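**Student:** With these hints in hand, go ahead and build the complete structure from the sequences.
Residue numbers (my numbering), protein chains in the order written: chain A, 1 to 231; chain B, 1001 to 1231; chain C, 2001 to 2220; chain D, 3001 to 3220.
No lab work stands behind these hints, which were simulated from the structure alone. Source: prediction; values computed, not measured. Cβ coordinates follow ideal geometry from the N, Cα and C atoms, glycine included. Hints should not be assumed to be uniformly reliable.
Computed Cβ-Cβ distance ranges for the label pairs, DEER-style [claimed, not checked]:
#1 C:Ser2016 x B:Asp1048: 53 to 63 Å
#2 D:Lys3150 x B:Gly1016: 42 to 52 Å
#3 A:Lys47 x B:Glu1098: 55 to 65 Å
#4 D:Lys3150 x A:Lys47: 26 to 36 Å
#5 D:Thr3087 x A:Lys47: 40 to 50 Å
#6 C:Asp2072 x B:Ala1222: 33 to 43 Å
Here are the simulated lysine-lysine pairs, DSS-like style, with alpha carbons at most 30 Å apart [as the list claims (entries may be wrong)]:
#7 A:Lys74 x C:Lys2068
#8 B:Lys1096 x B:Lys1074
#9 A:Lys135 x B:Lys1135
#10 A:Lys96 x A:Lys152
#11 D:Lys3132 x B:Lys1096
#12 A:Lys47 x A:Lys152
#13 C:Lys2150 x A:Lys135
#14 C:Lys2132 x A:Lys135
#15 C:Lys2132 x B:Lys1201
#16 D:Lys3068 x A:Lys201
#17 C:Lys2068 x B:Lys1152
#18 A:Lys74 x A:Lys135
#19 B:Lys1074 x B:Lys1135
#20 A:Lys152 x B:Lys1135
#21 B:Lys1074 x D:Lys3132
#22 A:Lys96 x C:Lys2132
#23 B:Lys1152 x A:Lys152
#24 B:Lys1152 x A:Lys135
#25 B:Lys1135 x D:Lys3068
#26 D:Lys3068 x D:Lys3150
#27 A:Lys201 x B:Lys1201
#28 D:Lys3150 x B:Lys1135
#29 A:Lys152 x A:Lys74
#30 D:Lys3150 x A:Lys152
#31 B:Lys1096 x B:Lys1152
#32 A:Lys47 x A:Lys96
A few chain A residues facing chain D, derived, Cβ under 8 Å [unchecked claim]:
#33 Arg3
#34 Gly115
#35 Ala116
#36 Gly117
#37 Asp164
#38 Met166
#39 Thr184
#40 Thr187
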Amino acid sequence: MSRARILESTDAAVAGIEDGSTVLVGGFGLAGMPFDLIDALIRQGAKDLTVVSNNAGNGDVGLAALLAAGRVRKVLCSFPRQADSWVFDGLYRAGKIELEVVPQGNLAERMRAAGAGIGAFYCPTAVGTPLAEGKEQREIDGRTYLLEYPIKGDYALIGAHAADTMGNLVYRKTARNFGPVMATAATTTIVQVDQVVEAGKLDPEAIVTPSVYVDRVVQVTARHYTVRGAR
Amino acid sequence: MSRARILESTDAAVAGIEDGSTVLVGGFGLAGMPFDLIDALIRQGAKDLTVVSNNAGNGDVGLAALLAAGRVRKVLCSFPRQADSWVFDGLYRAGKIELEVVPQGNLAERMRAAGAGIGAFYCPTAVGTPLAEGKEQREIDGRTYLLEYPIKGDYALIGAHAADTMGNLVYRKTARNFGPVMATAATTTIVQVDQVVEAGKLDPEAIVTPSVYVDRVVQVTARHYTVRGAR
Amino acid sequence: MTGYAGAPTGAGHRLSMDELAAVIARDIPAGSFVNLGIGQPTRIADHLPADSGVVLHTENGMLNMGPKAEGDAIDPDLTNAGKVPVTELPGAAYFHHADSFAMMRGGHLDVCVLGAYQVAFDGDLANWHTGKPGDIPAVGGAMDLAIGAKEVYVMMTLFTRSGEPKLVPRCTYPLTGAGCVSRVYTDCGVFDVGPDGVRIRETYGVGAQELAERLGITLP
Amino acid sequence: MTGYAGAPTGAGHRLSMDELAAVIARDIPAGSFVNLGIGQPTRIADHLPADSGVVLHTENGMLNMGPKAEGDAIDPDLTNAGKVPVTELPGAAYFHHADSFAMMRGGHLDVCVLGAYQVAFDGDLANWHTGKPGDIPAVGGAMDLAIGAKEVYVMMTLFTRSGEPKLVPRCTYPLTGAGCVSRVYTDCGVFDVGPDGVRIRETYGVGAQELAERLGITLP
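**Tutor:** Following this line, the structure appears as structure tokens:
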């Protein structure tokens, strides 16, 4: 990918996302969720989206707001049902949204595979469970594995703590979660950060997402929510 | 794995390595090579070893010295033939050592798979080449892949820059190379570091190898060599 | 646990969930790397001795997690897998989700303690889905946790509110993992499970004989 | 390249390897992420304009590598893939080998430039092994590089010392990658290769007609 662009607005950052796109949305619950990019995506208007994210929205903000706006056709996630996932619950029960449940580690590893050029991999998770149905099974060295395929995104919307002007990223604490993996798995990675610093200001030993994975960066005023409820 | 132990000597660090073990040896050429642990391993006397490392030794130090001592039955590596790999070259031409050549990225990814509990993976590297011989081949989404299996070590000997008292590790520049991957792929990971600091002194955001992967740590006086020659 | 409807009627003292958490904390070897599932298992952290050297993993990307955060210490960027704000201990490390689950799947954690709907005598685990038609399925990290740690312990009440045993010959709920549980800690007793079947380790407030009859197992 | 034995006999000026490096540098789009193979391709770095914004990747774990280190700047912990001490530019990042090759294999680099023994008209590449019985095989990152970048360019002399073309209908040396090369830069000219066969883009010191005859290709 060629050099990351530092943009002036979230609207510019989400420009061009097409109807029908697969969008990887960062965050574990609300930690690391790119609220401002999602709000911009709602304004931008792309619809019929497939969203890949760990959860299916909390409360009425972020991903939940995108779902409420009716822009999402399908959700791939590990944990849609939460204490405060009323938006998703309502859509799902009304048959207005499709759901594919993927174990959390498989969600992460399948996106990593997409980013790393791995065609498929044998994974021990979910063997013998209903989520193994329809999957190819194989014994290797006496253990049973399921064949899992990559999950690739057209776009990733993620949140990070800081970017340098080249697009290198660092994160904060457990808000790191899916961001680094999604950045590798999407054709176009769009990042909201709390601050942009000059290239050379981030410790090269501590950069988590190297610039090659980042396409668009926008600085936003940090907004945080705390959720109550189960994962 | 239970808590890492900080040991007083390299001899204590390599104690118990059995004849016939598979030993993952860090370093890319000399950068990151655990010279002191290898010297201790030579004193310790384990023989009939299978060594997994990117190269097959440079000059007369480090891995080359272990080879010269006649302790290695087989080498898995990506690049044995170098301007200064006379020890390996001699043993190989005399039929005294077995060689398995593995593309560099596959070497890394197969060790990652071992550490990550992946049973096997489909990889596009080496398709259509002599190194594809005997490997299972598969088309996925119109591209051809080879099935690659994990490489697991009984021991890993690696070099890092600093450890904290819990065993968390940071590296320096390109000396990081195979260390973090090997630490995940071995039953017992033994690390030489330039310094040991109190837990809490390393930035939790910048730790590259978390303590769970580290079994034994020993502090040594930094020794560095620079090589001339091709990779 | 003071008398839920389904528990045995013996006069003895069954363990409260807090007492049970203390029992499990006692059984976790010093220096272990441990993942405590959301819900009841989280309580175990409060019972680990300060010098246990146990390091807690949370699958959303952290090792050496500290206690729940209170007041000003609450940081929305620092939560556990249950999305509860927590703290960090000296020597903590952060990593992304693929690395976190690689750590688990690769067998690097010593112990994982999970809640359960049902555990089978052979170690099958059901804890993610009731299988009822109206329920929205949600698995989270349960299946990854189930197959990941070296030892998977379950912490649960032994009986449902309506008196059905939750330690069963064969799970009727959809499985989370097959043959993955090695030990089951309950208010009425502790059990080893696995390929050789179920074995009572200790009992609380109820005789082994009565327990065996309620569960339909044979004492050795 | 001043007259190696096998080159065409025309009186014109064939490019030196340094001139060729400048041509390749010119063709690399600004802002690209690029891996330069060991040997001749390394020279390309010296010809990239300061404002090109090209970011160099070295597969031993670094992005935004700077020029070769000299004197006191030599740090044994900082080398390129050829194990030559190098420097770091502002905005550099370090990562481990699995991450570095994931970056390559995942198609995130724009251009990779490699040396070669032979390239076939369809883009097959041979650059790792002569196949001679006495030779010790050594592949390094060659096979990973060959299939990794979006565009794989080759930089080589067009003929061997004994006058054999190195751009051939079919490689006789063991392959490094199948159909992976898109363009071949040589002292005598630049060629597009691939599924549609070979096409001459430009020539240096020799006519297209003569070149076509030497290589056994037909001009359009």
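**Student:** Each hint should be assessed against the structure and marked as holding or not.
**Tutor:** These are the hints, each one checked on the structure:
1. C:Ser2016 x B:Asp1048: 53 to 63 Å: holds (56 Å)
2. D:Lys3150 x B:Gly1016: 42 to 52 Å: holds (48 Å)
3. A:Lys47 x B:Glu1098: 55 to 65 Å: holds (60 Å)
4. D:Lys3150 x A:Lys47: 26 to 36 Å: holds (31 Å)
5. D:Thr3087 x A:Lys47: 40 to 50 Å: Given range 40 to 50 Å: holds, Cβ gap about 49 Å.
6. C:Asp2072 x B:Ala1222: 33 to 43 Å: holds (42 Å)
7. A:Lys74 x C:Lys2068: Distance ~34 Å between lysine 74 (chain A) and lysine 2068 (chain C) Cα, so the pair is violated.
8. B:Lys1096 x B:Lys1074: Cα-Cα ~9 Å, so holds.
9. A:Lys135 x B:Lys1135: It holds: about 22 Å lies between the C-alpha atoms, which stays within 30 Å.
10. A:Lys96 x A:Lys152: holds (24 Å)
11. D:Lys3132 x B:Lys1096: Within the cut-off at roughly 20 Å; holds.
12. A:Lys47 x A:Lys152: holds (18 Å)
13. C:Lys2150 x A:Lys135: holds (25 Å)
14. C:Lys2132 x A:Lys135: Holds, because 23 Å separates the two Cα atoms, which is no more than 30 Å.
15. C:Lys2132 x B:Lys1201: violated (50 Å)
16. D:Lys3068 x A:Lys201: OK: lysine 3068 (chain D) and lysine 201 (chain A) at ~22 Å, within 30 Å.
17. C:Lys2068 x B:Lys1152: violated (37 Å)
18. A:Lys74 x A:Lys135: Holds, because 20 Å separates the two Cα atoms, which is no more than 30 Å.
19. B:Lys1074 x B:Lys1135: Holds, at about 20 Å.
20. A:Lys152 x B:Lys1135: holds (26 Å)
21. B:Lys1074 x D:Lys3132: holds (22 Å)
22. A:Lys96 x C:Lys2132: Holds. Lysine 96 (chain A) to lysine 2132 (chain C) sits at ~20 Å (cutoff 30 Å).
23. B:Lys1152 x A:Lys152: holds (29 Å)
24. B:Lys1152 x A:Lys135: Holds, at roughly 26 Å.
25. B:Lys1135 x D:Lys3068: With a Cα-Cα distance of about 39 Å, the restraint between lysine 1135 (chain B) and lysine 3068 (chain D) is violated, given a limit of 30 Å.
26. D:Lys3068 x D:Lys3150: Within the cut-off at roughly 26 Å; holds.
27. A:Lys201 x B:Lys1201: Roughly 21 Å between the alpha carbons, so the hint for lysine 201 (chain A) and lysine 1201 (chain B) holds.
28. D:Lys3150 x B:Lys1135: Cα-Cα ~25 Å, so holds.
29. A:Lys152 x A:Lys74: holds (15 Å)
30. D:Lys3150 x A:Lys152: holds (17 Å)
31. B:Lys1096 x B:Lys1152: holds (24 Å)
32. A:Lys47 x A:Lys96: Between lysine 47 (chain A) and lysine 96 (chain A) the Cα gap is close to 13 Å, so the pair holds against 30 Å.
33. Arg3: Status holds, d = 4 Å.
34. Gly115: holds (5 Å)
35. Ala116: holds (4 Å)
36. Gly117: At 3 Å from the nearest chain D Cβ, glycine 117 (chain A) passes the 8 Å test, so the hint holds.
37. Asp164: holds (6 Å)
38. Met166: Hint on methionine 166 (chain A): holds, closest Cβ of chain D at ~4 Å, below 8 Å.
39. Thr184: holds (6 Å)
40. Thr187: Violated, because the Cβ-Cβ distance from threonine 187 (chain A) to chain D comes to roughly 10 Å (cut-off 8 Å).
When each numbered hint is compared with the structure, violations occur for hints 7, 15, 17, 25 and 40.
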